[in-house]
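S.K.: Using the sequences provided together with the hints, build the complete structure.
Protein chains: 2
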Amino acid sequence: MKGSLGARAHAGGPPGVMEAGGGTSRPRVSFRHATRDDLDAIVRLLADDPLGAARESYSTPLPESYRAAFDVIRADANNELVVACLGVDLVGVLQMTFIPHLTYKGGWRAQLEGVRVDTRVRGRGIGRALLEWAIARARERGCHLVQLTTDKARPEAKTFYESLGFAATHEGMKLHL
Amino acid sequence: MKGSLGARAHAGGPPGVMEAGGGTSRPRVSFRHATRDDLDAIVRLLADDPLGAARESYSTPLPESYRAAFDVIRADANNELVVACLGVDLVGVLQMTFIPHLTYKGGWRAQLEGVRVDTRVRGRGIGRALLEWAIARARERGCHLVQLTTDKARPEAKTFYESLGFAATHEGMKLHL
Numbered sequence: 001m002k003g004s005l006g007a008r009a010h011a012g013g014p015p016g017v018m019e020a021g022g023g024t025s026r027p028r029v030s031f032r033h034a035t036r037d038d039l040d041a042i043v044r045l046l047a048d049d050p051l052g053a054a055r056e057s058y059s060t061p062l063p064e065s066y067r068a069a070f071d072v073i074r075a076d077a078n079n080e081l082v083v084a085c086l087g088v089d090l091v092g093v094l095q096m097t098f099i100p101h102l103t104y105k106g107g108w109r110a111q112l113e114g115v116r117v118d119t120r121v122r123g124r125g126i127g128r129a130l131l132e133w134a135i136a137r138a139r140e141r142g143c144h145l146v147q148l149t150t151d152k153a154r155p156e157a158k159t160f161y162e163s164l165g166f167a168a169t170h171e172g173m174k175l176h177l
Numbered sequence: 001m002k003g004s005l006g007a008r009a010h011a012g013g014p015p016g017v018m019e020a021g022g023g024t025s026r027p028r029v030s031f032r033h034a035t036r037d038d039l040d041a042i043v044r045l046l047a048d049d050p051l052g053a054a055r056e057s058y059s060t061p062l063p064e065s066y067r068a069a070f071d072v073i074r075a076d077a078n079n080e081l082v083v084a085c086l087g088v089d090l091v092g093v094l095q096m097t098f099i100p101h102l103t104y105k106g107g108w109r110a111q112l113e114g115v116r117v118d119t120r121v122r123g124r125g126i127g128r129a130l131l132e133w134a135i136a137r138a139r140e141r142g143c144h145l146v147q148l149t150t151d152k153a154r155p156e157a158k159t160f161y162e163s164l165g166f167a168a169t170h171e172g173m174k175l176h177l
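Going line by line, the protein sequences match chains A and B. Going left to right, the first sequence walks through residues 1 to 177 as my numbering numbers them. Going left to right, the second sequence walks through residues 1 to 177 as my numbering numbers them.
Just so you know, these hints were derived from the structure itself, not from any lab. Computed from a predicted structure; not experimentally measured. Do not take every clue at face value.
Because identical chains cannot be distinguished in the list, a pair is counted as satisfied if it fits within a single copy or across any two copies.
Claimed, not checked - Distance condition first, Cα-Cα at most 25 Å in a straight line; then the derived DMTMM-like pairs of lysine to aspartate or glutamate:
| no. | residue 1 | residue 2 |
| --- | --- | --- |
| 1 | Lys152 | Asp49 |
| 2 | Lys174 | Asp151 |
| 3 | Lys105 | Asp38 |
| 4 | Lys152 | Asp71 |
| 5 | Lys174 | Asp40 |
| 6 | Lys152 | Asp76 |
| 7 | Lys152 | Asp48 |
M.R.: Shown next as C-alpha cells:
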C-alpha cells in the first residue's frame, strides 16, 4: 500500500456503498466479499506493487496455487476476502482473518493482510474507506481488536494506519522457513 | 515473555521431549497440545505477567469466557494451543494459528500469540525449546513463514526472537475497538 492512499480523507459514513471523492458523476465505490471470478483481478493487484512483484506471479492462466488458496479461504468461516469495486472494476482488496484467543479473557481479534489499492485510483480515499469497512466488519464479528503488520519499508503506510487509529505498539517479526 | 527465556541456548534437536538445561536429574520438558484440564494453569500463566495482569482475570472458578474461547480454539483445525510441561507441571504456553493467504502465490503462514513461560523456571531454555517446537510444527503444516508481534515494551523479547531467526521487518499495529 502506498501513502497516497491516505492523502484524501473520506468523510466517513456507514460502510457499504460510498461516493468516491464526493463527486456525483464518478462511479460509486462498493465493498463485498470476493468471488472466484475476482481472483485474476485480485492477483494482478497483489503483483502490481514494489514488494509484491518479487513474490507474486500474475500470468494467464493464473498459477493453480492461487485458486487452491482461494478455495481454502472461501471455505473457512474465519477468513474473508474483501474487495472494493469502482463501478464494475475491482480496485482494492484485503484479507480478514478472525482469530479466537485466550488472551483478553478469551477475545476475538480481526487481522488484516494483503491490503492493496489499484495504483490508478489512489488518492481518492478508497483505501481509507476499505479499511473503515473492514473495521466495521470486525465490530460486527464481535472482535475487540483489529491488528495488522506493515513493512517498515513503507513508512507512509504506517502513517496512513495511524490516521485510522492504529498504534504501532508492537514489532512485527517474520521468520521465513 | 521475558528476556531471561533466551538466556541459555538450547542445543537443538528434534522437538518433542528434551532435557531441560541438559541435566540428567531434572524433570524432562515435553510439548503437547493443550486439553481442557490445562486451562486453569494456562490462564494463570497468561495473568502472571506485567502486561497480562491488566487484561486477564485468573480466579476460581475461571471466568466462563475462557472456557468458551478454549472450546472454539480446540474445535478449529487452524488453531492449536501448545503447552510445555516440566514433569507434570505446565510451565509454558503459546497459541498457533495457521492462516491461508493469497500472497506468496497462495501460501500458509503460522502465527504465534500468547507466548508465556512460568517465571519460576525461566533461564533454562524452555522458551527457546517451545519456540523451536512451534517452528517445527509450522514446517510440518506446510507453512512458508512464521510470524508474531511482540510489544515494544519488551525489548528483550525482540532480542530473544531475533536469536531464533526472526527479523523485525514490520510494524505491528493494533486498533482497540
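S.K.: Starting from the hint list further up, note which numbers the structure goes against and sort them upward.
M.R.: The structure conflicts with hints 4, 5, 6, although it agrees with all the remaining ones.
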